[in-house]
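J.: Chain by chain, the residues:
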Amino acid sequence: MSKSKSNYKWGMVIDLDRCTGCSACVVACQAENNVPVVGEERSAEGRMLHWLRIERYWDGEYPHVRARFIPVLCQQCDNAPCEPVCPVYASYQTPEGLNGQVYNRCVGTRYCANNCPWSVRVFNFHEPEWPKPLNDQLNPDVTVRSKGVMEKCTFCIQRINRGKMKAKEEGRLVRDDEIQPACAQTCPPGAIIFGNMADKGSFVFRLSRSSRRFRLLEDLGTEPVVIYLKGGGREGA
Amino acid sequence: MPEEEGLKQKNIQEMNEKMLSSIRPPTGKWVFLAVVLGAITGWAAYAWWVQLSTGLVVAGINRPVMWGFYIINFVFWVGLSHSGTMVSGILRLSKANWRRPILRAAEAMTVFAISVAAMFPLIHIGRTWKAYYLIPLPNSMGLWPNFRSPLLWDLTAINTYILGSSLFLFLGMLPDLAVVRDRSVGIKKKIYTVLAMGWRGTDREWSLYGKASTIMAALIVPVAVSVHSIVSWDFAMTLVPGWHSTIFAPYFVSGAMFSGVAAVITLMVILRKAFHLEHHLREEHFDNMGKLLLVISLVWSYLYFAEVLTIWYGHKPIEWEVFIFTADRYSFLLGLMVLGNAFITIPALCFRRVRRSVTVMLFISILVNVCMFTERFLIIVPPLSHRNVPFMWGNYSPSWVELSITAGALAGFALMYTMFAKFFPIVSLTDVREGLEMKKKLKIGRSTVNARIEGE
Amino acid sequence: MEVLGLFRNIETAAEGVNNLLGENIPEDTVTSLSSVPIPKGTVIKRDHSAWFQWVTLAGGVIGAAAGFLLAAGTAMLYPLYTGDKPIISMFPVGIITYEFAMLFAIIGTIAGMLFQMRLPCFSKKAYDPEITTGMIGISVICDTEQERDKISGILDRSGAVRIRTDEEVK
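Protein chains in written order, with the working numbering: chain A, 8 to 244; chain B, 5 to 460; chain C, 189 to 358.
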């Protein structure tokens, strides 16, 4: 509900017609954002830490089985239910429409995780480890979180900030193709499009007006910003 | 007549001695009990230390069930803390005469239960060492907590309730502390003198005391109602299907009173046995507490029925899915809860013989509390396991750390209570004596009746 | 100075009070001491108006203001948007205001009551430990030694078991 006076309103469109479920975006996100590796055993216990996940459902009976998959990430809701419940303001609405997560403020009550309808928020159940030489791969632009802290997709805010700073130095606004989160950059078929929804000429804005558009759990009224486009013969479209 | 008076003096002295029997020097049995309880609490502290150093991975918490046994314990203990308020506050206000022996035990239970409950938010958060972020203290980092969050309402309400119920307990104890002061010697006498604040029992003191007790009872009851409503709103303010229900506040408050009254009954049985208070905690007290428990059980059952009715009739897919999941996967626990809280308890408590039997009341009260713990589990865990997005459904089972800390909470509570009974009067001495002395037998018509005396 | 006479029961204590009043000792210097509250009027006929109730009310009002400033005022100082909730949301502010009002009212009641009772008292007061075993004490405040002896005499004649003064207290 922030009265945005900003020139930027970040948004994302995911075209399910193009998505192949290859999970390159998941790996890219993990690499870019210093997401700890949890391991198979811990993931089976339910402690997985992927900021972006490929949800996979099976449809139909053998031999006419289809896999339906959809990448789900933080929907950066305009009326985010995860924000008002955090007792320490670790989760708040930035003026550009992003849902900000402040790692060093989080005390780990996990209330935000309970209130996220898509369960996209992840929690550091244990101290993350990067045994040498894996620590060399850490991204210096992104904090490394300790145990007890909540984290989630930030639309690669470090890249957004870098892009905005560069544009400001040059005295202009950010151009349409200038900032790309790791997932959008990596996606081979180009299913993930990111950009400035406030710019009516941007690719993401034009795609968002498609007749194939839908949002996840729209009826809850949280105004998710991620728009999905039906396709791939999987939605009956 | 002087011999009669002398006898009366001696009787009162004996009665004081009897009711203060818990303050005797510790016996071997007491020390053994304290050591056992201390050991369990110590083990729980070790389990917590393991969790603090390793992280919440040692608990059973996972995605999506981010709240588990710790929050169940939190809600349960806040519920238990409504014991004193219900019994002491409401019975004081309604001037029910049979409240007298139970008051102190119930008020002490409130203070210790809410203290135990206040530990659980610290235990369950990921970074306990940063818990001070929740406190609104001006700081150089320009940070402030979020009062829109139900957890901050929790902090405020529990803070109010701890301070309020401690003051309520202290107020009730003031005349009794004077009695203990008068019969102790040495360093103990000095301590009790300070605590009794120079109470002499002048008519001015009694008059003001009576008014203050009534006002405090009238203030503490709304605070108790608000505390458990606020705890229930931790759940009701979310969008989790099965939690987002308007009935949560009255439902939780009735559940808390249910749990609290049952706990007082359990405590009455234990104290009666441990301190030989058979003369003061008689069958009529259990009878009346049983009637109170019956009424609250009816209220709880009605509210639960109303909630399930709404879910069943509306048949909203997600909410119905959660309910069916609960009934399917946790059918034993659900059945136990409904049986224990409603279908066994209500018919049983309708019978006078049941209410007057101390053993059966012990069984029923423990059954009620076990079922209320189960109820908290069934409210918290299944809706989290089975939420909007089926890909993220998951299950939960408690780990050794959570079970140890649960046991430690119970042991810690019992230990605090045992310590309290050793140093402070556990029976509300003055109230009992007031009840006995303000009675007279009057001959009216053909028989002699009991009459209560009231001032002008 | 204070003289304390100990009586075995309400009847003898009342007789003592009547005798004191008969010798023109003003009733407002006489109080009863007991371990259980005696029914009003049976020994001492005096109405104690309780002004500490106003302290309760004042506490409630101050607490409400404190709660409102804490929830609404500080939210204005640290305006961070969370979800669709306004910076000053009426429901949370109402809850915090209510809790603080009740807290301050409760503390005000106890503090006011203690203040009006003039407890804790640091000056010497006449007292006997046997009061807590059921004896009723009648205490009279007087100014001169002569009055003290006179009052002791009256109490003695009325059947007091023991006489104590505030000078005996260690």
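Rather than coming from a laboratory, the hints here were simulated on the basis of the structure. We put the CB at the ideal spot given by N, CA and C, even for glycine. One should not assume that every hint holds.
Simulated crosslink set (DSSO-like; lysine-lysine; CA at most 27 angstroms straight-line) [as the list claims (entries may be wrong)]:
#	chain 1	residue 1	chain 2	residue 2
1	C	K273	C	K338
2	B	K295	B	K12
3	A	K173	A	K16
4	C	K338	B	K192
5	C	K228	B	K444
6	C	K338	B	K12
On the chain C side, residues computed to face chain A include the following (Cβ under 7 angstroms) [unchecked claim]:
#	residue
7	E203
8	R234
9	Y269
10	T270
11	G271
12	I275
J.: Would you mind marking each hint as holding or not holding in the structure?
T.: So, going through the hints one by one against the coordinates:
no., hint, verdict
1, K273/C <-> K338/C, "violated, 76 angstroms"
2, K295/B <-> K12/B, "violated, 34 angstroms"
3, K173/A <-> K16/A, "holds, 18 angstroms"
4, K338/C <-> K192/B, "violated, 37 angstroms"
5, K228/C <-> K444/B, "holds, 16 angstroms"
6, K338/C <-> K12/B, "violated, 30 angstroms"
7, E203, "violated, 65 angstroms"
8, R234, "violated, 52 angstroms"
9, Y269, "holds, 4 angstroms"
10, T270, "holds, 4 angstroms"
11, G271, "holds, 4 angstroms"
12, I275, "violated, 9 angstroms"
Going through the hint list in order, the structure does not satisfy hints 1, 2, 4, 6, 7, 8, 12.
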